[in-house]
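> Chain by chain, the residues run as shown.
There are 2 protein chains.
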Amino acid sequence: MKIIIIGYGTVGQALTKILYEKEKQLFNKYGLRSNIVAVVDRGGAIISKTRLKYSTLMKAKASGTVASDPNFGKPGLKALQVIEEEAADVVIELTPTNIIDGEPGMSNIKSALTNKKNVITTNKGPLVLALITLIELARHNGVHLRFSGAVGGGLPVLNFAKKSLIGDRIISIKGILNGTTNYILTRMAEAHISLETALKEAQLAGYAEADPSYDLNGVDTACKLAIMSNWILDKNVKLKDINVSGILDVTLSNIKKIEKKGQTIKLVGSIDDEKIVVKPQTLSKNNPICVDGVLNAVAFNMESAGEITLVGGGAGGVVTSSAILRDLIEIRRYTNS
Amino acid sequence: MKIIIIGYGTVGQALTKILYEKEKQLFNKYGLRSNIVAVVDRGGAIISKTRLKYSTLMKAKASGTVASDPNFGKPGLKALQVIEEEAADVVIELTPTNIIDGEPGMSNIKSALTNKKNVITTNKGPLVLALITLIELARHNGVHLRFSGAVGGGLPVLNFAKKSLIGDRIISIKGILNGTTNYILTRMAEAHISLETALKEAQLAGYAEADPSYDLNGVDTACKLAIMSNWILDKNVKLKDINVSGILDVTLSNIKKIEKKGQTIKLVGSIDDEKIVVKPQTLSKNNPICVDGVLNAVAFNMESAGEITLVGGGAGGVVTSSAILRDLIEIRRYTNS
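Heads up: the protein sequence lines correspond to chains A and B, in order. Position in the first sequence counted from 1, then plus 3, gives you the numbering used here. Position in the second sequence counted from 1, then plus 3, gives you the numbering used here.
If you are wondering where the hints come from, they were derived from the structure by calculation, not from laboratory data. Any given hint could turn out to be false.
Intra- or inter-copy, both count: the list cannot distinguish identical chains.
[What the hints assert, rightly or not] Here are the computed lysine to aspartate or glutamate pairs in the EDC-like style, where the Cα-Cα straight-line distance is at most 20 Å:
hint: 1; residue 1: Lys32; residue 2: Asp237
hint: 2; residue 1: Lys165; residue 2: Glu333
hint: 3; residue 1: Lys20; residue 2: Glu306
hint: 4; residue 1: Lys165; residue 2: Glu306
hint: 5; residue 1: Lys166; residue 2: Glu333
hint: 6; residue 1: Lys288; residue 2: Glu193
hint: 7; residue 1: Lys264; residue 2: Asp295
hint: 8; residue 1: Lys264; residue 2: Glu193
hint: 9; residue 1: Lys20; residue 2: Glu87
hint: 10; residue 1: Lys113; residue 2: Glu89
hint: 11; residue 1: Lys238; residue 2: Asp276
hint: 12; residue 1: Lys288; residue 2: Glu262
hint: 13; residue 1: Lys52; residue 2: Glu89
hint: 14; residue 1: Lys32; residue 2: Asp276
hint: 15; residue 1: Lys263; residue 2: Glu193
hint: 16; residue 1: Lys27; residue 2: Glu306
hint: 17; residue 1: Lys282; residue 2: Asp244
hint: 18; residue 1: Lys62; residue 2: Glu199
hint: 19; residue 1: Lys25; residue 2: Glu306
hint: 20; residue 1: Lys263; residue 2: Glu204
hint: 21; residue 1: Lys27; residue 2: Asp237
hint: 22; residue 1: Lys243; residue 2: Glu88
hint: 23; residue 1: Lys32; residue 2: Glu306
hint: 24; residue 1: Lys238; residue 2: Glu306
The structure displayed is predicted, hence computed values, not measured ones.
The shape of chain A in the complex, shown without the other chains (with noise of 0.2 Å):
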């Protein structure tokens, strides 16, 4: 399958690790062969008729961009120029999510779709805004949209719910869906130490963004929330109908105060018949979804089967990378490119 990436930080470098690493692996096992044949960053695009090499893709960016490349280097090229013209079976849509107009992800998404492209994307902002009608408009013009990454980064949330869930019904959902400000809750409640200090510690340790007000604030959450409710539960979600608070409140003597309980803080997303909530809220250490670090948890409670939890996954490009190629080998599966 020919590819192209658009967005290439640490989830799309990691991607192209594993694919080229397990390059035989995926062939042997599913019949996937991935040429990347394109990429594209701020600085521009790398482009060939032909698969890239890692070498060449990896030098390149290791200048800035990979538009830096002697040979296939295209400086300032646009990734809607590169969706456009360039012939590829899936467009891997890795741009930083944006919750106004989900810009840049929404056009090239749209896009990659009217030219018959697949698409595969982490992006929650276009996926919040416009999820039904982006599945139509993959539909319409026969191709697929997957966004296994976009929730729960490499636990496979979406597709359990959808695939192992059957039968029976869905009652509510609840879940720590935010590694980042899950490290900063639980560094505060082992080392006794502030937000601030807990926040610090989180970005040295690669798990915040220089920016994170969308992991801070609950946004992050109430984004896989209504990807949640939209897509699993075929709810129409908006992000103006979840009641949304974040931790920047959350301080250490909250935390202290109740420890001695066996309870800590955690920022818990939940989904009922009635209302869709991000909050911080106590919980008993003893609860399934009372998870540690970045780890994620999810808990569906189920009409029949009773509470059912997912743990696992969390932030991280290997691990969203997992994701990414989870959808790759549906969409391989699909097609016979």
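Fit chain B to the known structure of chain A by using the hints.
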């Protein structure tokens, strides 16, 4: 779909209730119309050319055997004869596990598949002794063999591993797979009671059978590990390849000794490239698989995605029925009956 149920204990009756209660919902959502046309228990059979009524089934069973029904009852009629002679799309085989020769489940399942009837079972005996042969027999006859409820009860362990973990390699698996022993160990730790007392409690609560040997000696967990190895990891493991010890040697003083360190003892089953083991292990209470009561938990250690844990389900008729229902819906998708 015309359904024959063989073995009519807690699970069979709970399944019947769900199929009738959710009738409309299952038809609207999945196109599933379940017509139970025969049920067999130790006393004989109840058979009708058309759908049996819920009240008929329950009334007959309340008299000791379904064969007691004055109109449709066939006292003494054997499962094999019903499977061979009655028209049906699916045989749901729920007789008790026997790891010596798998009977009577083995013959029931083979006969159903040979007679081109789809099979759903929760009976671990035939699966442990002959999984590969049975799958081959199903394929040869153009029908399906499903067994979601055999591992994890209502926790969709097998389905999850096959469908949601593609693209990544499972390095190892470990988990708590037996609800009865987990209930006993939990009660010992919580209430500081002996194993014998906790076992009696489990029996009173309906969590342990009159003969709980397979639970206590670890064989039930070993069966589940064998099924997971052979089905998820494409191995060819026999029970004798598994190193099994149960919980009979776990004492209250063992548990008390480590509780202050935030640890407890659980019956853990584990699979890696080198060996498959069932034995009581000391776990930290923070470990995501360290769950209490009748809960099950399974952790998959993935090459890229890290550790992914599934918690929930466990024992009980309703919970196991939800797994059978999943199988029924999947079979419905492949057939037009």
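> Now, for every hint given, state plainly whether the structure supports it.
Hints versus structure:
1. Within a single copy, Lys32 and Asp237 get their C-alpha atoms only as close as 33 Å, which misses the 20 Å cut-off; across copies the closest is 13 Å, which meets it.
2. Proximity of Lys165 to Glu333 under the C-alpha cut-off of 20 Å is found in both arrangements, the shortest distances being 14 Å within a copy and 13 Å between copies.
3. In this assembly of identical chains, the alpha carbons of Lys20 and Glu306 lie at most 20 Å apart only when taken from different copies (14 Å versus 42 Å within one copy).
4. With identical chains, the CA atoms of Lys165 and Glu306 are at most 20 Å apart within one copy only, with a shortest distance of 16 Å there and 24 Å across copies.
5. Taking the shortest Cα distances, Lys166 and Glu333 sit within 20 Å of each other both inside one copy (13 Å) and across copies (10 Å).
6. Taking identical chains as interchangeable, the C-alpha atoms of Lys288 and Glu193 lie at most 20 Å apart whether they share a chain (13 Å) or sit on different chains (15 Å).
7. For the identical chains of this complex, Lys264 and Asp295 are neighbours both inside a copy (17 Å) and across copies (18 Å), given an alpha-carbon limit of 20 Å.
8. In this assembly of identical chains, Lys264 and Glu193 lie within 20 Å of each other by CA distance both inside one copy and across copies; the values are 15 Å within and 16 Å between.
9. Neither within a single protomer nor between protomers do Lys20 and Glu87 lie at most 20 Å apart by alpha-carbon distance, with minima of 26 Å and 55 Å respectively.
10. With identical chains, the CA atoms of Lys113 and Glu89 are at most 20 Å apart within one copy only, with a shortest distance of 15 Å there and 54 Å across copies.
11. Taking the closest pair of Cα atoms, Lys238 and Asp276 come within 20 Å of each other only inside a single copy of the chain (10 Å); across copies the shortest separation is 43 Å, beyond that limit.
12. Within a single copy, Lys288 and Glu262 get their C-alpha atoms as close as 9 Å, and across copies as close as 15 Å, so both meet the 20 Å cut-off.
13. Taking the shortest alpha-carbon separations for Lys52 and Glu89, only the intra-copy value of 8 Å comes in at or below 20 Å, while the best inter-copy value is 62 Å.
14. In the homo-oligomer, the alpha carbons of Lys32 and Asp276 lie at most 20 Å apart only across protomers (18 Å), although the nearest pairing inside one protomer, at 41 Å, exceeds that limit.
15. For the homomeric pair Lys263 and Glu193, the shortest alpha-carbon distances inside one copy (13 Å) and between copies (18 Å) are both at most 20 Å.
16. With identical chains, the CA atoms of Lys27 and Glu306 are at most 20 Å apart between copies only, with a shortest distance of 16 Å across copies and 43 Å within one.
17. Proximity of Lys282 and Asp244 under a CA criterion of 20 Å is satisfied intra-copy only: 14 Å inside one chain copy versus 49 Å between copies.
18. When the C-alpha separation of Lys62 and Glu199 is checked against a cutoff of 20 Å, the pair qualifies neither within a copy, at 36 Å, nor between copies, at 66 Å.
19. For a Cα distance limit of 20 Å, the shortest separation of Lys25 from Glu306 across copies, 11 Å, qualifies, whereas the shortest one inside one copy, 40 Å, does not.
20. In this homomeric assembly, Lys263 and Glu204 never come within 20 Å of each other (Cα to Cα): the closest approach is 25 Å inside a single copy and 30 Å across copies.
21. For the identical chains of this complex, Lys27 and Asp237 are inter-copy neighbours only, at 19 Å across copies versus 38 Å inside a copy, given an alpha-carbon limit of 20 Å.
22. For a Cα distance limit of 20 Å, the shortest separation of Lys243 from Glu88 qualifies neither inside one copy, at 37 Å, nor across copies, at 60 Å.
23. In the homo-oligomer, the alpha carbons of Lys32 and Glu306 lie at most 20 Å apart only across protomers (15 Å), although the nearest pairing inside one protomer, at 36 Å, exceeds that limit.
24. For the homomeric pair Lys238 and Glu306, the shortest alpha-carbon distance inside one copy (19 Å) is at most 20 Å, but the shortest distance between copies (35 Å) is not.
Violation of the numbered hints given earlier is confined to hints 9, 18, 20 and 22; the remaining hints are satisfied by the structure.
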